[in-house]
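When you get a sec, could you build the whole thing from the sequences and use the hints?
Listed here are the chains, written in short residue letters.
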Amino acid sequence: MSHSTTVAPSTPAAPPPPSGGTHTRRRLSLARLDLTYSPYLYIAPFFLIFGIFGLYPMLRTAWMSLHDWDMIGDRTFIGLDNYTRLLADEYFWNALVNTFGIFALSTIPQLLLALFLANLLNRTLLRAKTFFRMAIFIPNVVSVAAVAIVFGMLYQREYGLVNWLLGFVGIDQIDWDGQTWSSWTAIASMVNWRWTGYNTLILLAGMQAIPRDLYEAAEIDGAGQWRQFWRITLPLLRPTFIFVVILATIGGMQLFTEPLLFANGNIIGGTQRDFQTLAMYMYEMGITNLNSAGYGAAVAWALFLIIGLMSLLNFVLVRRAAT
Amino acid sequence: MSLTTRRSRLAASALAAITAVGGLAACGNDDEPAAGEKPSKLVVETFGEFGYDELVKQYEKDTGIKIEMRKTAQLGEYRPKLVRYLATGKGAGDVVALEEGILNEFKSNPRNWVDLAPLVDDHSEDYLPWKWELGKAPDGRLMGLPTDVGSLAVCYRKDLFEAAGLPTDRDEVSALWPDWDSFLKTGRTYQEGSGGKALIDSITAVADASLFQQGDDLFYDKENNIIADTSPAVKAAWDTAVSMVDISAKAATWSPEWSAGFKQGSFAVTFCPSWMLGIVVENSGEENQGKWDVAAVPGGGGNWGGSWLAVPEQSSYHEEAAKLAEFLTNATSQVEAFKAKGPLPTHLEALQDEAFLSYTNEYFSDAPTGKIFGESVSKIEPIHLGPKHQAVKENAFGLALRAFENGQASEDEAWQQFTKDAQIQGAF
Chain P
1 MSHSTTVAPS TPAAPPPPSG GTHTRRRLSL ARLDLTYSPY LYIAPFFLIF GIFGLYPMLR
61 TAWMSLHDWD MIGDRTFIGL DNYTRLLADE YFWNALVNTF GIFALSTIPQ LLLALFLANL
121 LNRTLLRAKT FFRMAIFIPN VVSVAAVAIV FGMLYQREYG LVNWLLGFVG IDQIDWDGQT
181 WSSWTAIASM VNWRWTGYNT LILLAGMQAI PRDLYEAAEI DGAGQWRQFW RITLPLLRPT
241 FIFVVILATI GGMQLFTEPL LFANGNIIGG TQRDFQTLAM YMYEMGITNL NSAGYGAAVA
301 WALFLIIGLM SLLNFVLVRR AAT
Chain C
1001 MSLTTRRSRL AASALAAITA VGGLAACGND DEPAAGEKPS KLVVETFGEF GYDELVKQYE
1061 KDTGIKIEMR KTAQLGEYRP KLVRYLATGK GAGDVVALEE GILNEFKSNP RNWVDLAPLV
1121 DDHSEDYLPW KWELGKAPDG RLMGLPTDVG SLAVCYRKDL FEAAGLPTDR DEVSALWPDW
1181 DSFLKTGRTY QEGSGGKALI DSITAVADAS LFQQGDDLFY DKENNIIADT SPAVKAAWDT
1241 AVSMVDISAK AATWSPEWSA GFKQGSFAVT FCPSWMLGIV VENSGEENQG KWDVAAVPGG
1301 GGNWGGSWLA VPEQSSYHEE AAKLAEFLTN ATSQVEAFKA KGPLPTHLEA LQDEAFLSYT
1361 NEYFSDAPTG KIFGESVSKI EPIHLGPKHQ AVKENAFGLA LRAFENGQAS EDEAWQQFTK
1421 DAQIQGAF
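Protein sequence lines, in the order shown, are assigned to chains P and C.
Our numbering puts the first residue of the first sequence at 1, with every later residue one more than the last.
Our numbering puts the first residue of the second sequence at 1001, with every later residue one more than the last.
Keep in mind that a hint or two might mislead.
[As the list claims (entries may be wrong)] Partial chain C-side listing against chain P, Cβ under 10 Å, derived: (1) A1391; (2) E1394; (3) A1403; (4) G1407; (5) F1428.
Calculated directly from the structure, the hints in this document are not laboratory data.
Ideal Cβ placement from N, Cα and C applies to all residues, glycine included.
Here it is as structure tokens:
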């Protein structure tokens, strides 16, 4: 099959004009050129920009990851040594576990809450609907840095609001950034604060795309609110839900600013790497340490592969959901 | 032709175009000027405030060379900039200020920097000896001319000392702690007198102060092998820090607890390099003016921070840039800079200058900070800092001590953590 063959027959079919034949022919061939090539021209800006800012850095990173690369000094080709080292690097695995731990703590409660809120906002009887829908999105508009700084203050050991409140129910001061579980919880709460509203809105949009008559029919058949939610809303929401999960996965795997600011800007993430995420480890190796840029590049590619794998998993789930 | 092959050919040509762009970007600037050509302009690259503005104007007048001052406010933004200049081989100023940590790190690639020794007069006897030595790269080249020094003193709260029944006069306070043992005893007395309050902010601050007093090799030996686990100096600083855990407020420097602690009075003492005075003022606020004072640091001298001026190899005017750096670091210039913005001199003549010695600080109860810091700095032993001293100190030594201080690790566990991480952070 070919694009051009469908266009080509139109040329001889055109009736020969009485005069100025060459002129028309040139115009026709120009039109053909336009038809075949301009679509590429139209999409070219994207590919050009993607090439310069997306593809080239990626390939360059891959090339770097095959070297012992000092940012301001020598570089030697070492093949896959960086990747072998990566597999045996306990701090890499530690960062991986931290990333997934914080991801689970942030994504699961976040999506359940978003589902609940979306269902509330979807009620026909709710007053001031637009107000609530706008309000719930506000945390997402606030900059990450501001959120992280404010939450960092809330979770302070001595003078933080959270410890002060916990004091009323008799719980001792918690050193939030001093342990794994507490730091994960604190960071997850920042992520949840920012992204619950966003996901609520997407889920709400998905819910509103569900035909009303399904609910009406269910009501006539005597199904209550809860049953309607389980039997109609949830199954029909599945594609939207999976889209939301994919977005949360990509965001969660690249978590960086929140834990970094929670650690007062220390790239190690706590005194014992309690909450150093993969993105932070990549930054530590690739940028903070000038002499291990090649290894940092290998971490970057490992992160890329992990996100790729997770996306593939999501994709398989979508396929299964569709059938 | 099928659509798929056409598509792949397009992709291939796009890829070629991209690589070409990348290749172009990778080529450096080769526009070397002819030898002996007089520069029309030199660029001085600094961070924070070095107090060079007036000096530069004078130099312009004397030599007819135009000088551009390029300042970066934060040290945190300055380092990545320098790295970019060195990695791409262009963009750096002709005279570049290098902070202690940055200088040590850059020393492992000394070829990026001009050897200043043949370009300037012999100054080896003019500066604090240890400061001069630190300006040399492992291959022997003179990488930087000394500018300022952090020096070290103790900032203490007079009102809290008084409430706890301790003396408040700065000479009496200095006399309380000639060494670290007596400092610990003072901490215990303060604790009893104040109903259990902590004297110091954190044990990592003690470690930083104590480390610089040891002299000789710290985390690296002279061949730059990591000796974190066997170095006597490191162990001594570690032991001193660990012994202070009972009198510490466990508020690590720069943490929110630390910043808030100044107003809350959760500690009565913090270790003050000269540049820290401004931060103490900022954190304590105007309402605490006159409550702080400055005393000598236990164990005598100490240093924290300070910089050098260097000339990058990529500069087009090595000789003229070196002359400018020499001018900016001479005794007169250092006193002028101190008067303008406060960086402490390292030139021996400047340290004896009357303007410097008579300087007092109003916020800190009119303490003679020039004299106190000057004395502290003259007691420093020559010291060898390896290439990644800063990273080992902050991300291995400091974090392990904090883990111990917070009760996350026993002393042994923390020491294990430190020696292991020192190998990782210190590799170069």
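Okay, the hints, checked on the actual structure:
no.	hint	result
1	A1391	holds (7 Å)
2	E1394	holds (8 Å)
3	A1403	holds (4 Å)
4	G1407	holds (8 Å)
5	F1428	holds (5 Å)
No hint from the list above goes unmet by this structure.
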